[in-house]
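Colleague: Sequence:
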Amino acid sequence: MEDNASGREHGRRDVRALSFAGEIALSLRNIANTIFMRNNNEFTTVCQLSPSFSAVGLPLPAGRPPPLCRGGYGLAGTAYECHVEEFLSAFNCKRLNRSWPSKGTIRHLNEMLAPNMHAHHHHLRQLRAVLLRRGHPIPPPPATHPDPDRAYLATIRAAACTPHLVLAACACLHRAGLPPPGPRALPALLRSAARCEGAGVYVGGTHALAVRVGSLDDGFVGTALVGAYAACGCVGHARKVFDGMAVRDVVSWGIMLDSYCQTRNYKEALLLFAKMKNSGVLPDQLILATVLSVCGHIRHLRSGRAIHSYMLVSDILISAHLSSALINLYASCANMEMAEKLYNGMPRKDLVSSTAMVFGYARTRKVEIARSIFDGMPEKDVVSWSAMISGYADSNHPNEALSLFNDMQECGIRPDEVTMLSVISACASLGSLDKAKWIHAFIKNNGLNKILNIYNALIDMFAKSGGINLAFNIFNEMPQKNVITWTSMITAFAMHGDGKSALCLFEQMKNEGVEPNEVTFLNLLYACCHGGLVHEGRSLFSSMVQQYGIDPKHEHYGCMVDLLGRAKLMQEAVNLIESMHLEPNVPIWGSLLAACWMHGDLKLGAFAAKKILQLDPNHDGASVLLSKIYMKSDNLNDAQEVREVMVSKETGLSWMELNEPFHEFAAGGEKYSECDKNFLQKVVN
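Per the numbering used here, the sequence shown starts with residue 14, numbered consecutively.
Keep in mind the hints are simulated off the structure, nothing from the lab. For each residue, glycine too, the CB sits at the ideal point set by N, CA and C. Please note: incorrect hints may appear among the correct ones.
To be verified - Simulated restraints on C-beta separations:
(1) GLY562 x ARG312: 44 to 54 Å
(2) GLU596 x ASN631: 12 to 22 Å
(3) ARG225 x GLY249: 43 to 53 Å
What the hints assert, rightly or not - Listed next, the in silico DSSO-like pairs over lysine-lysine satisfying Cα-Cα at most 27 Å (straight line):
(4) LYS290 x LYS280
(5) LYS450 x LYS463
(6) LYS463 x LYS280
(7) LYS448 x LYS393
(8) LYS253 x LYS288
(9) LYS288 x LYS393
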């Protein structure tokens, strides 16, 4: 009963609140021209709203002016201010958002807004936003509006959080007779268009509008258009607009450079920077930092050094931001000597520079130095934690990586995609199924299982940990899959010797319309090789070349030679090697040699071994196997000849210090006769 009574009371309260909102709207309409169109200290605002406040349980707070107030300077200087605040608060509360005032209230609000589209008072902007969010288009101003761009800007600001509404509202204004947006409004409109879903279409439409009204020659519009195309991933269109701009300032150059950097088109970024310098435009610190970042990404130390030299010659002030970019450049290029010199020269070592040093030392496998810098950092973010964890994982220290990941959780740092990929890699190298299950549970509990790259890495982790069924379960539950996903699962089946499942999955992949790449075919050939599927392997190799136009690499040829050799098809393997468009390398001849030794084809085996020794005279394995082939065929003279010219490993020595000098020993080493009987006697005693 109490719940029903409470519900009825809430219902009555809603009705009173909506009625109150209507009264507020009427009052706003009556004084709209006075309040919102000008700031005037010689007007009177009359609001008799306290009964309405009381009706909905919103009494005027103590200390506020009485509802009848005269004088003041503008809206902020009157008692009307407090009423509008209360109105907007009630109007936006969750309970009222489930309903809406009467059509009459909406009409009154529209009548208030119509003549004041150019006003920028924050209350008026909030009222516009309320209407737009609830799906009620705000009314257009008169077609003879003195400043159309100001009206458009007011609309854009009102619905800034909902870009689709911005475009719809501006279209309504234009249809109602307002002139199209001009150079002042178009940049803001382009920013909203770039934030919409399917932004390319909306940016293109706004671009056409700019051409139609003749605003494209405006520098601000051109720069905004470049930025809008870049934001929605249309870098080619952005470059066309950029190249067509009559005047390009440092901002437009910076936006274009950043767009190339964001899309990882680093070569074009460097070419554009060179063009910028030749055009006589001086880069600012932000552009220099961007280009240094590009050089670091592609590990192009020469270009990075040239930019560093340009900065020194041009007397450019190297800020902390630029210092961090330089450190990151040299650390990424494994030039830790220069990176450390710059790092030690910084008066204050910030988070970015310290993280770059951790990353650089971790990349060069100096994880102890990286850890000492990491431990000395006063503050750490997810990037610095990820850099250290990645360093351990890449340096074959998986236990340390997982231990540091636990420390990260204790510090309350939420991992990101990069962190988890390193953790998954560390867990995969351990091959522990229990740890793999724990990592998987952590990812699910923290909502990270929606990231495609993490899904793909989990498949690889479970495959390497012996959980092929778990890997396949993850594959099946993925909402979307790319070529890496399919290839990872095919690789997992190949790794576990299940060639038929790998081939079935490949057929399913083709039926889904996913085009395989060279890595997919390499793992399929590997699966066929270990499953003895000769016919299927031949068919895959042929379709890779003829149907998909993929040029086989050495690895593909090596798998095919291994497959044919295991099946004792020695002549076919030789024919394949002779037909290669690449020069056969040591692994290919090695696969043939292993097959010859397995099946006793001593003549062909000797031929393959000689080919290996021609390419690598120091290849001990080929020499040993060739010697064994000769001995197995009773060709003892050739075997002895190979042994005589065989590359011998350098003898392992032991050192001992006795009475100053060092003495060297080797097991059975007769050549070290300088160790005389007296010395040996001293050692024994």
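Colleague: Next step is simple, just say for each hint if it's right about the structure.
Modeller: Going through the hints against the structure:
1. Between GLY562 and ARG312 the beta carbons are some 30 Å apart, a value that contradicts the proposed interval 44 to 54 Å.
2. Distance hint for GLU596 and ASN631: a CB-CB separation of about 19 Å, consistent with the stated range 12 to 22 Å.
3. For ARG225 paired with GLY249, a C-beta distance near 22 Å fails the hint of 43 to 53 Å.
4. Of the supplied pair hints, the one linking LYS290 and LYS280 holds, its CA atoms being roughly 16 Å apart against a limit of 27 Å.
5. Using a Cα cut-off of 27 Å, the hinted pair LYS450 and LYS463 holds, with the two alpha carbons roughly 17 Å apart.
6. Under the criterion of a C-alpha separation no larger than 27 Å, the hint pairing LYS463 with LYS280 is inconsistent with the structure, at around 32 Å.
7. With a C-alpha separation of about 26 Å, the suggested pair LYS448 and LYS393 falls inside the 27 Å cut-off, and the hint holds.
8. Proximity of LYS253 to LYS288 is assessed by CA-CA distance (about 15 Å); at most 27 Å being required, the pair is judged to hold.
9. For a cut-off of 27 Å, the pair hint linking LYS288 to LYS393 is broken: about 38 Å separates their Cα positions.
Going down the numbered hints, you'll see the structure goes against 1, 3, 6, 9, while the others check out.
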